[in-house]
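Chemist: Given next are the chains, with one letter for each unit.
2 protein chains.
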Amino acid sequence: MTKNNDNRIILPEPTIRRLPWYLSYVRMLDNLHVEYVSSTQISKELNVQSSQIAKDLSFLNIRGKTRIGYEVRSLVSELEDFLGFNQHHDAVVIGTGSLGTALMQDHGLEHYGLNIVAGFDVRDEVIGQELGGVPVYAISELEPWMREHDVPIAILTVPVERAQEVADLAIASGVTALWNFTPYRIKAPESVVIANTSIYAHLAIIYNRMQGKTN
Amino acid sequence: MTKNNDNRIILPEPTIRRLPWYLSYVRMLDNLHVEYVSSTQISKELNVQSSQIAKDLSFLNIRGKTRIGYEVRSLVSELEDFLGFNQHHDAVVIGTGSLGTALMQDHGLEHYGLNIVAGFDVRDEVIGQELGGVPVYAISELEPWMREHDVPIAILTVPVERAQEVADLAIASGVTALWNFTPYRIKAPESVVIANTSIYAHLAIIYNRMQGKTN
Chain A
57 MTKNNDNRII LPEPTIRRLP WYLSYVRMLD NLHVEYVSST QISKELNVQS SQIAKDLSFL
117 NIRGKTRIGY EVRSLVSELE DFLGFNQHHD AVVIGTGSLG TALMQDHGLE HYGLNIVAGF
177 DVRDEVIGQE LGGVPVYAIS ELEPWMREHD VPIAILTVPV ERAQEVADLA IASGVTALWN
237 FTPYRIKAPE SVVIANTSIY AHLAIIYNRM QGKTN
Chain B
57 MTKNNDNRII LPEPTIRRLP WYLSYVRMLD NLHVEYVSST QISKELNVQS SQIAKDLSFL
117 NIRGKTRIGY EVRSLVSELE DFLGFNQHHD AVVIGTGSLG TALMQDHGLE HYGLNIVAGF
177 DVRDEVIGQE LGGVPVYAIS ELEPWMREHD VPIAILTVPV ERAQEVADLA IASGVTALWN
237 FTPYRIKAPE SVVIANTSIY AHLAIIYNRM QGKTN
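As you go down the protein sequences, you meet chains A and B in turn. Going from the first sequence to this note's numbering is simple: count from 1 and add 56. Going from the second sequence to this note's numbering is simple: count from 1 and add 56.
None of these hints come from the bench; they were simulated from the model. Warning: the hint list may mix true and false statements.
Said to hold, decoys possible - Cross-link-like lysine-lysine pairs, in silico, PhoX-like; alpha carbons within 25 Å at most:
(1) 100(B) - 243(A)
(2) 243(A) - 111(B)
(3) 100(A) - 121(A)
(4) 243(B) - 111(A)
(5) 243(B) - 100(A)
(6) 121(A) - 111(A)
(7) 100(A) - 111(A)
(8) 111(B) - 100(B)
(9) 100(B) - 121(B)
(10) 121(B) - 111(B)
To be verified - A few chain A residues that don't get close to chain B, going by computed Cβ distances all over 10 Å:
(11) 106
(12) 127
(13) 224
Predicted model, so just to flag it, every value in this text is computed and none were measured. Just so it is clear, CB atoms sit at the ideal spot from N, CA and C, and this is done for glycine as well.
So here's chain A without its partners, still in its complex pose (with noise of 0.2 Å):
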């Protein structure tokens, strides 16, 4: 664990991993009218190790009860204030190709706290148009637009030789924070924070696995 200079937690990615399992399953309790949980409950749900629970959860401002456990409703907004659910954060989708157009239309992720303001790509057809209620506009336009709307999230849904070139663009136009849907491993300064959505490495884990398990 380390702290910036401000006393705010940077967390390792393991525990930002389980903390929304966590999450999804105390959301269904609390939509079950369940009161309190334990870290033993949750351990048996999600086959986590309870001290892996307890240890994951202490980084928060709960605690258990002795023999009680959590009070679930505490714990719901707990984890969503922690992991940012409960703000709101801007961002762009840069190439609104079939997977951009779904996270356009996808009001789940208003959920998780994320806001689609544009969607930015180079095709007549879509640019002028609105897609899941949200404007799409030219890739020229970028630049120009990011100086009056201050949107820190790119979520890059270009095609895999385009990746590098747009998210130069996006950092140059004030973006510092890229979702990278495309397999290309994308070099940025280290100010900017990158998460890589890799689909197509997951599926080589499959086809790997099942070659593992099933020849």
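Chain A is fixed; fit chain B onto it per the hints.
Modeler: Just chain B, lined up with the frame of chain A:
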């Protein structure tokens, strides 16, 4: 590295995650008619240590030549073979909402060996329709349909609160791999391959890293 009893190689996950980066880079070189590439060049381009690259590529049936490097065309086809992207892997999509539909319409996935042959849903307005040329059936049809079509992979793009029951149904229907796009941690027998593409976990990582850098 472990081998199963058929001597097939089960690669460590970090290696499998890097191989598609190499592939997307050498595919671009191949499109530009570049004939040879060194691990040093790949290293600079992708920001991976060249010793790591040499080690990762040593799993493949290809050797670099001193001073010349790897033949680009051979590297492309060896990587595609090795990753399983050259073979057809049939899959069904369960949950044809915006993400499920995007995957059915994304012909990019075919270039990675994934062949989506059917979709399943509970909503009357999509059952009996086609999405991206792929037929959609009622989820109640999954088990009988699978008895006639031997499809190994199910892609789960259902709402999170349905994730486990749909996974159980897919496994009972004979699926051997689940590609889980929900934030729920699915429980399954050891013999079932599970890959989690946790879109929301990646959002949490972006938010957390942005806090660390900008506040």
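Chemist: Each hint should be assessed against the structure and marked as holding or not.
Modeler: Going down the list of hints, with the structure as the test:
Between residue 100(B) and residue 243(A), the direct Cα distance comes to roughly 10 Å. Compliance with the 25 Å bound is thereby established for this hinted pair. For the hint pairing residue 243(A) with residue 111(B), the CA-to-CA distance comes to about 22 Å; that is within 25 Å, so the pair holds. A hinted pair counts as satisfied when its Cα atoms are at most 25 Å apart, and residue 100(A) with residue 121(A) qualifies at roughly 19 Å. Distance restraint check for residue 243(B) and residue 111(A): the Cα-Cα separation of roughly 22 Å lies within the 25 Å cut-off, and the hinted pair is therefore satisfied.
Only pairs whose Cα atoms come within 25 Å are accepted, and residue 243(B) paired with residue 100(A) is accepted, the gap being roughly 10 Å. Between residue 121(A) and residue 111(A), the direct Cα distance comes to roughly 15 Å. Compliance with the 25 Å bound is thereby established for this hinted pair. For the proposed pair residue 100(A) and residue 111(A), the alpha carbon gap of about 16 Å is at most 25 Å, so the pair holds. Pair hint residue 111(B) plus residue 100(B) holds up; C-alpha atoms about 16 Å apart against a cutoff of 25 Å.
This hinted pair checks out: residue 100(B) and residue 121(B) have alpha carbons roughly 19 Å apart, not beyond 25 Å. Restraint check for residue 121(B) and residue 111(B): satisfied, since their Cα atoms lie roughly 15 Å apart, inside the 25 Å limit. Distance check on residue 106(A): its Cβ is at least 14 Å (rounded) from any Cβ of chain B, clearing the 10 Å threshold; non-interface status holds. At the 10 Å boundary, the C-beta of residue 127(A) stays outside the reach of chain B, the nearest C-beta of that chain being 21 Å off.
No beta-carbon of chain B is positioned within 10 Å of the beta-carbon of residue 224(A); the least distance is around 14 Å.
Violated hints: none; the structure is consistent with every hint.
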